[in-house]
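Taken in sequence, the protein lines are chains A and B.
Quick note: the first sequence uses the working numbering, first residue 44, plus one each step.
Quick note: the second sequence uses the working numbering, first residue 44, plus one each step.
In short, the hints are calculated from the structure, not lab data.
Hints may be right or wrong, so weigh each one.
Where chains are identical, the list cannot tell them apart; a pair therefore holds if satisfied intra-copy or between any two copies.
Said to hold, decoys possible - Straight-line Cα separation of at most 25 Å, DMTMM-like style, residue types lysine to aspartate or glutamate; simulated pairs:
{"#": "1", "residue 1": "K504", "residue 2": "E602"}
{"#": "2", "residue 1": "K362", "residue 2": "E531"}
{"#": "3", "residue 1": "K513", "residue 2": "E524"}
{"#": "4", "residue 1": "K62", "residue 2": "E512"}
{"#": "5", "residue 1": "K362", "residue 2": "E343"}
{"#": "6", "residue 1": "K534", "residue 2": "E153"}
{"#": "7", "residue 1": "K339", "residue 2": "D316"}
{"#": "8", "residue 1": "K362", "residue 2": "D320"}
{"#": "9", "residue 1": "K554", "residue 2": "D625"}
{"#": "10", "residue 1": "K536", "residue 2": "D282"}
{"#": "11", "residue 1": "K513", "residue 2": "D282"}
{"#": "12", "residue 1": "K340", "residue 2": "E248"}
{"#": "13", "residue 1": "K504", "residue 2": "D316"}
{"#": "14", "residue 1": "K508", "residue 2": "E152"}
Protein chains: 2
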Amino acid sequence: MQEAAIRVVDKINSPEDVKKLNYEEMNLLASEIRDLIIKKVNAVGGHFGPNLGIVETTIAMHYVFNSPVDKIVFDVSHQCYPHKILTGRKEGFTNPETYHKYTGYTAPEESDHDLFKVGHTSTSISLATGLAKGRDIIGGKENIIALIGDGSLTGGEALEGLNNAAVLGSNIIIVINDNDMSIAENQGGICEHLTKLRNSNGKTEDNFFKSLGFEYHYVSEGHNIEKLIETFSQVKDTDHPVIVHIHTLKGKGFEPAMINKEPFHWILPGTLDRLNDTPALSEEDYNSLTKDYLLKKVSEGMPIVAINAATPGVFGWDKTFREKMGSHYVDVGIAEQQAVAMASGIAKRGGKAVMGVMSSFIQRTYDQLSQDLALNNSPATLLVFWGGISSADATHLCTFDIPLVSNIPNIIYLAPTCKEEYLKMLDLSVKQNDYPVAIRVPMELISTGEEDNTDYSVLNKFQLKEQGEKVAIIGLGSFFEKAKELKETLKSKMGINATLINPKFITGLDKDLLNNLKANHSLVVTLEDGELDGGFGEKITRFYGNSDMKVLNYGALKEFTDRTPLEELYQRYHLTSELIIDDIQQIL
Amino acid sequence: MQEAAIRVVDKINSPEDVKKLNYEEMNLLASEIRDLIIKKVNAVGGHFGPNLGIVETTIAMHYVFNSPVDKIVFDVSHQCYPHKILTGRKEGFTNPETYHKYTGYTAPEESDHDLFKVGHTSTSISLATGLAKGRDIIGGKENIIALIGDGSLTGGEALEGLNNAAVLGSNIIIVINDNDMSIAENQGGICEHLTKLRNSNGKTEDNFFKSLGFEYHYVSEGHNIEKLIETFSQVKDTDHPVIVHIHTLKGKGFEPAMINKEPFHWILPGTLDRLNDTPALSEEDYNSLTKDYLLKKVSEGMPIVAINAATPGVFGWDKTFREKMGSHYVDVGIAEQQAVAMASGIAKRGGKAVMGVMSSFIQRTYDQLSQDLALNNSPATLLVFWGGISSADATHLCTFDIPLVSNIPNIIYLAPTCKEEYLKMLDLSVKQNDYPVAIRVPMELISTGEEDNTDYSVLNKFQLKEQGEKVAIIGLGSFFEKAKELKETLKSKMGINATLINPKFITGLDKDLLNNLKANHSLVVTLEDGELDGGFGEKITRFYGNSDMKVLNYGALKEFTDRTPLEELYQRYHLTSELIIDDIQQIL
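Using the sequences and the hints, build the whole thing.
Set out below in structure tokens:
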């Protein structure tokens with residue numbers, strides 16, 4: 044490459060090399076890292092704004108501290124790209140052929156400079172207290188640093204972590220990367236306090252961090268490497284808990300991302316090439332159906348409150364929608380526990396709470412689902428998005444929501460297979476006053492074109508879609524399509540006219556229907572788009588345990604997969620008609 | 044009753060009656076309520092110190108506010124007895140024959156004055172934000188009050204709640220009942236800040252609550268009804284979020300409970316009659332075994348850190364143990380998320396984290412088990428106590444830990460059946476560096492007297508305890524005893540010499556063993572002391588789904604039971620040898 048000889052980054056193979064640079068070189072390095080990130084993320088997608096905002100902080104940290112002896116924990120690790128570049132992994136950013144070599148999150152298997160595999164927020168302070176406690180009990184002396192954004196500070200684990208870090212009595216340095224944004228706007232009392240701190244150059248009265256017992260430092264110029272190094276040098280080797288509050292700019296160095304931060308938090312490949320394109324008219328999908336429904340009900344005077352925990356983009360709850368909803372929309376911060384409890388409270392007061400949540404994040408609030416919601420039978424609605432087997436990073440798998448939700452008493456968990464069922468279920472859920480309802484919203488919109496007239500208040504009624512014999516196929520939710528395909532293949536390959544069932548209810552068995560199958564079926568096949576262990580199919584199998592019925596359950600194995608291609612997973616899990624028929628042939 | 048005519052409490056049938064009293068009468072009432080609580084709790088057991096400490100606050104709240112129109116949410120509801128007495132349920136305290144009529148927690152089915160069924164901590168503020176939001180969206184005007192202790196403030200949900208309540212923009216009144224205690228000593232930066240506030244009459248600089256944006260009131264005399272009424276009257280009908288910080292004395296009115304707060308948080312029946320008895324020498328149990336093991340390893344120089352989330356009494360981690368452990372003991376507050384993440388961090392740094400947790404509370408930290416611990420394969424040890432079917436209150440069921448823990452990848456969940464297995468498993472877990480291990484500690488100590496030489500690093504190896512035929516019985520953990528009994532009954536009633544299996548591993552199947560059973564068995568019976576749905580037995584059943592093996596799973600149904608007698612549950616769940624044999628006879 045022509046420019047290679049003059050780039051600072053080419054000299055950087057480890058943090059040791061950063062320590063040799065002067066300020067001018069470090070500023071050049073910052074600029075080069077930004078260029079690399081902009082180019083790569085535009086090529087393959089990824090976290091954009093958070094990484095651009097943390098470049099100087101990362102350089103300064105690696106200049107002052109001695110990683111990996113000193114230990115830096117990156118909260119949620121949306122901001123770890125500069126760190127990866129400085130810690131021996133720059134080829135993941137300099138060379139398009141190896142753009143995919145490293146994950147988008149911290150990953151100990153890649154480097155000793157990464158402590159934890161992290162992709163859920165608000166964990167860094169707690170993890171750091173553990174590292175610090177381990178160090179102290181063993182007799183180490185290194186610095187323990189947690190780098191956490193202002194958005195992540197709204198999560199309960201982070202706040203529990205602060206409460207504990209404050210009394211650790213030894214070295215721990217918590218760096219608050221305050222860019223005044225979560226993925227969307229940040230929310231809550233802490234956020235408003237951070238604004239006051241920024242506006243007062245860290246000097247407003249009633250300092251939240253000091254109230255907890257921390258030594259507090261404020262760096263107003265969060266992109267000034269010299270000032271950052273000065274502050275980090277001051278707190279290095281501290282013998283007590285310290286906060287370094289840094290004011291940064293999300294998307295720094297890329298004008299559109301600085302102006303319009305939310306859509307540039309994470310971008311799809313090619314986004315920067317389409318900045319001037321007229322936005323395509325969005326097609327109907329489950330996001331638009333949900334938004335239209337909620338807005339309609341609000342306009343009809345229904346006391347709807349749409350709640351989410353800082354991820355409105357997951358369900359397309361964009362600015363337009365939020366503005367139209369007005370006080371009927373609540374973002375609680377990255378605080379799923381609060382979201383569920385608040386939904387329960389709203390429902391108890393007669394409001395109609397509809398909470399959106401990504402499957403991977405519903406697990407951040409199990410106890411609230413159980414105690415605040417289910418035990419109290421509060422008639423709130425939970426919409427679980429993105430549930431299913433995917434090629435996602437290990438930190439963002441969406442395969443665990445069925446075992447998690449469906450083994451809690453009282454919650455009705457529904458699995459629509461098409462638009463019409465979804466709308467009917469949503470409407471039933473919002474209108475009833477008897478129990479909490481969760482709906483597993485499919486990814487891909489399918490419309491039958493026929494209105495669904497099912498009365499979903501009659502619980503646990505499976506739909507016998509097509510009566511056949513010998514083999515019954517039960518396809519749950521998004522995998523009903525796979526069930527239909529399997530039926531076709533069974534017909535063509537084995538001449539079997541299988542029965543096809545759309546169960547609709549994840550959380551209860553249609554015992555009459557299942558019993559009736561015994562008459563002229565010898566095998567039941569279940570298909571679910573999620574983890575088998577603790578899931579839907581096992582309950583069917585248990586039902587038939589005392590009978591001659593054979594049952595085959597298909598779904599994901601219990602494992603953390605990591606960016607594994609979906610087709611590979613389907614092969615591994617026998618989630619193709621051909622592989623299932625191989626299994627069936629061994630039985631029948 | 045002779046004294047009846049002169050008691051104030053006899054005139055109180057609802058909060059309306061409280062409003063008619065003068066200060067003198069209210070003080071008399073407080074004294075009478077204390078007497079009732081002391082007498083009743085000593086008779087039947089229950090929460091003692093927290094209720095004695097909140098008497099005046101409760102009277103003042105009901106004097107000023109207009110329950111049930113105004114809504115009071117009791118955090119964890121360890122302090123709801125005075126409220127129950129004032130809201131039409133005094134016969135649960137005045138009349139020994141109806142002592143058991145009402146639960147020990149708030150319960151909407153008992154009274155409109157109770158909003159939620161609550162027994163886990165840190166939920167009140169979030170629930171109250173929901174009530175407030177529901178009120179605002181519907182157009183109500185009532186006061187929403189959350190009453191929360193300083194201990195409960197250490198939980199993430201409470202802190203998420205504070206962050207949201209602060210920006211609610213409408214009426215919400217959070218009453219902090221600060222008695223400077225959790226169940227044991229309170230912990231953390233917030234706790235130390237509360238001490239500063241108390242010592243400065245609420246005037247210390249850097250006020251935590253003001254930093255979040257709350258209006259703040261301090262009541263130093265938390266047992267002075269007049270001052271409480273004055274402050275509540277000031278904040279009533281506020282149009283913005285308010286904190287009322289009240290300094291109370293846990294155990295107020297009963298000297299031993301004021302001096303020695305921890306053992307009087309909750310007491311067994313008759314405790315007050317045995318105050319002068321010499322404490323019985325405690326017998327060996329799983330608590331003592333665990334403590335002895337941990338202390339021995341610490342003395343050998345192992346970097347053990349015993350962690351718990353504010354419930355050391357559950358595992359007998361008393362003051363003596365805590366003092367001996369010194370820096371090897373950590374109480375993180377009521378912050379299970381922090382506890383698990385910290386354990387992961389300690390393990391990552393080479394320390395040996397051993398976390399104790401009650402089954403009912405492990406569900407407060409699912410995401411940390413998954414992301415912080417399991418995904419990172421951190422070799423920490425979790426000891427899950429009290430797991431099993433019981434006659435507990437609906438808020439404290441311990442039947443859900445197997446579905447919760449065992450469907451998370453990477454965690455090894457072990458079920459010892461006796462002392463020797465437990466000690467071997469604990470030792471293996473602490474010494475290994477490969478994966479997180481959880482151990483389900485049985486309630487009742489059984490000793491075989493024979494050292495266990497199993498190598499538990501060979502995963503998922505079930506123990507074939509006795510080889511038989513036709514029927515194989517797999518008895519998990521504490522239910523291995525039921526399996527043994529069933530084997531005997533099968534022999535005597537049906538002449539079947541059943542195979543007996545101790546699986547030991549909850550989280551993985553011994554496929555070889557299970558396959559071998561097919562040769563000369565036609566039925567497998569599984570027994571587990573927990574919820575069937577998503578649990579251990581279903582996985583056995585799924586394994587045999589493609590075979591002729593019949594399987595019967597026994598355990599708890601998916602339901603919230605509420606103080607249901609254990610024998611009744613065993614009948615309901617067919618958890619007796621006789622009922623199981625009835626089922627078997629229908630199959631074989």
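Verification of the supplied hints:
In this assembly of identical chains, the alpha carbons of K504 and E602 lie at most 25 Å apart only when taken from different copies (19 Å versus 31 Å within one copy). Taking the shortest Cα distances, K362 and E531 never come within 25 Å of each other, neither inside one copy (44 Å) nor across copies (68 Å). Proximity of K513 and E524 under a CA criterion of 25 Å is satisfied intra-copy only: 20 Å inside one chain copy versus 41 Å between copies. Taking identical chains as interchangeable, the C-alpha atoms of K62 and E512 are never at most 25 Å apart, the minima being 73 Å within one chain and 71 Å between chains.
In this assembly of identical chains, K362 and E343 lie within 25 Å of each other by CA distance solely inside one copy; the values are 21 Å within and 60 Å between copies. Proximity of K534 and E153 under a CA criterion of 25 Å is satisfied in neither setting, with 48 Å inside one chain copy and 58 Å between copies. When the C-alpha separation of K339 and D316 is checked against a cutoff of 25 Å, the pair qualifies neither within a copy, at 36 Å, nor between copies, at 64 Å. When the C-alpha separation of K362 and D320 is checked against a cutoff of 25 Å, the pair qualifies only within one copy, where the shortest distance is 19 Å, while the shortest distance between copies is 68 Å.
Taking the shortest Cα distances, K554 and D625 sit within 25 Å of each other only across copies (21 Å), while inside one copy they are farther apart (28 Å). Taking identical chains as interchangeable, the C-alpha atoms of K536 and D282 are never at most 25 Å apart, the minima being 72 Å within one chain and 70 Å between chains. Taking the shortest Cα distances, K513 and D282 never come within 25 Å of each other, neither inside one copy (72 Å) nor across copies (66 Å). In this homomeric assembly, K340 and E248 never come within 25 Å of each other (Cα to Cα): the closest approach is 44 Å inside a single copy and 47 Å across copies.
Taking the shortest alpha-carbon separations for K504 and D316, neither the intra-copy value of 50 Å nor the inter-copy value of 56 Å comes in at or below 25 Å. For a Cα distance limit of 25 Å, the shortest separation of K508 from E152 qualifies neither inside one copy, at 47 Å, nor across copies, at 41 Å.
When held up to the earlier numbered hints, the structure conflicts with 2, 4, 6, 7, 10, 11, 12, 13 and 14 and fits the remainder.
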